Amino acid sequence: MPAFLDFARRFGRNWTAVAGCVILAAVVFGALFGPAIYPIDPFDMLGRPAQPPSAQFPLGTDVSGRDILAGLLHGARVSLFVGIVASLGATIVGGAVGAVAGYVGGWVDDLLMRVVDFFLTIPSFVLAVVIVAIFTPTIGTITASIAVVSWPSVARLVRGEFVAQRSREYVQACRGLGMSAPEIMIVQILPNALAPIVVVSSLMVATAILTEAGLSFLGLSDPDVISWGYMIGVGRSVLRDAWWMAAIPGVTIMITVLAINLVGEGLNDALNPRLRQR
Amino acid sequence: MPPFLAFLIRRVLQIVPVVIAIAALNFLLLSLAPGDAADIITAGYGGASVEEVNAVRHALGLDQPLYIRFLAYMSHLLTFDLGYSHVQGATVLSLVAARIPATLLLMMSALGIAIVLGIALGIVAAMRHRSWIDHTLTVVSLLIYATPQFWLGLMLIVLFSVQFGLLPSGGMTTIGGAGGVHGWFGGTVDVLRHLILPATTLALFYVATYTRLMRSSMLEILDLDYITAARARGASERQIGSRHAARNALLPVVTLAGVQIGHALGGSILIETVFGWPGLGRLVFDALLQRDLPTLLGVLFVSSVMVVVASLVVDIVHGLLDPRIVYR
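From first to last, the protein sequence lines are chains B and C. Numbering of the first sequence is given in this note's numbering, commencing with residue 10 and proceeding in unit increments. Numbering of the second sequence is given in this note's numbering, commencing with residue 45 and proceeding in unit increments.
Just so you know, not all the hints are guaranteed correct.
Which chain C residues face chain B? A few, computed with CB under 8 Å, are given here [stated by the list, open to error]: (1) VAL62; (2) ALA65; (3) ALA77; (4) ILE313.
Don't read these hints as lab results, they were simulated from the structure. Quantities reported herein were computed from a predicted structural model and do not represent experimental measurements. We put the CB at the ideal spot given by N, CA and C, even for glycine.
Could you build the full structure based on these sequences and the hints that come with them?
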């Protein structure tokens with residue numbers, strides 16, 4: 010596939026994007042295999058509370074004597090799961106709405122875009138908080154709430170792409186050949202609109218991880234799983250005496266989100282070489 | 045009618061359906077919630093039989109069909125009745141209204157800092173394009189984008205309150221008087237001291253955003269012919285930057301600042317929780333602890349309406365900044 014090779018070459022030349030990829034691969038590895046390599050239950054109370062890092066506890070213990078490293082490894086699963094699934098959900102819903110609005114046009118477009126604008130008006134974090142609070146915090150409701158507040162921006166973007174493609178000759182040719190609207194939208198237009206969608210949804214993973222951290226810091230986290238935001242919330246209560254307890258998960262979030270953003274920017278540059286930012 | 049006035053009236057009228065939609069969403073969320081006010085009230089008595097719960101439900105009109113309850117909800121909203129928080133024993137309106145000033149103070153300070161700093165840094169970065177200062181600003185922006193705001197706040201507390209002891213770590217005022225300084229002046233200084241850390245924390249994200257936006261907006265404009273013409277006339281780089289380019293580069297920043305007011309409200313919920321700032325965010329946090337849904341929904345409604353009003357104000361400011369905009 011020369012197109013893919015061309016893309017890989019452009020992406021590989023961008024050292025910040027490659028660095029992001031390496032960091033992200035390390036986080037994914039930690040999430041997938043970390044709990045197997047370092048088999049400690051993040052909820053087990055194993056030692057004296059609030060210990061600084063030591064040989065027994067590489068990153069110390071939290072207020073209840075739980076292993077912080079084990080928490081980070083298990084928390085990586087939560088952050089990545091919520092980030093990826095919420096972003097996928099938002100991309101699919103937003104993509105479908107945007108595609109229909111852009112392709113069909115007319116009053117359907119007007120109506121759908123009013124709905125999108127409406128959702129863009131509501132403060133997204135407040136809405137996410139209310140949704141999770143109403144349906145009780147589980148990993149499912151948290152993911153769903155983040156998807157609900159994220160899809161409108163995808164819909165806007167996809168609509169723009171579809172409006173631009175709608176009147177192109179190849180689309181008219183497809184219509185002339187008697188293709189159905191869904192076929193034209195999915196098989197013909199979507200591949201041409203894919204690049205910006207990929208970029209936006211990869212960057213959305215980063216935002217989703219930050220939102221999840223904020224929600225669980227407020228106490229809106231699934232009680233059955235440990236998450237980085239929850240760990241910051243735990244560390245907060247002993248900020249004066251054991252600042253590292255809140256610092257460690259925060260740095261982890263920062264590194265992960267930074268890596269995703271670098272990869273997203275790299276994808277943007279490699280997929281849209283003409284739009285390369287100055 | 046002058047075109048500006050016509051524009052203003054039409055723009056205000058456009059708000060009405062949006063506010064109705066916000067109210068409908070609120071009502072929908074409230075009716076989706078498991079358990080209703082009757083459950084909460086009777087739980088407050090330490091439990092009740094099914095008949096007693098149903099009696100309370102009937103007294104509150106909660107056994108009516110959905111559309112009747114929606115109409116009742118809407119007619120209450122017309123009189124600014126946002127419902128009653130049975131947990132706090134107060135109307136939601138009074139709870140929310142009491143917290144709005146503190147949140148506005150925090151948000152406006154943060155956005156004010158962000159706009160001034162972001163515009164200044166963006167101009168510097170664009171005028172010194174590809175210099176070390178431009179690159180440093182880009183890297184710092186990337187780091188700020190990746191940092192959870194609330195965590196940054198915690199770290200600033202560790203640094204400035206715990207380590208250096210320079211600034212208070214939370215609250216809006218010092219309990220028991222402003223460190224010996226009394227009166228109007230002492231009180232203001234005290235609030236400002238408490239404001240520095242939360243406002244800076246909230247501002248940093250927007251400083252990064254506005255810096256990058258102002259930078260790219262400036263770079264675009266610096267390529268235009270009229271800048272080349274100004275250079276040819278012998279205008280200094282300083283004049284070109286501040287007088288010729290910056291004014292035209294400002295528009296996108298103003299637009300974004302308006303759009304981001306909702307975003308800033310979300311951020312301030314977390315920041316207020318971190319710093320114990322007595323605003324809407326703190327109210328949300330307390331409501332979450334007590335599962336106080338009417339208050340949560342009240343905050344959602346009021347903050348959404350605030351965003352709608354803010355976007356109206358931005359439209360008007362836009363018109364004042366850019367005489368090319370025609371009111372149609």
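Status of the hints after comparison with the structure:
1. VAL62: holds, 6 Å
2. ALA65: Cβ of ALA65 (chain C) sits 5 Å from chain B, so the hint holds.
3. ALA77: holds, 4 Å
4. ILE313: The hint holds - ILE313 (chain C) has a Cβ within 8 Å of chain B, the shortest such distance being about 6 Å.
The structure meets every hint from the earlier list without exception.
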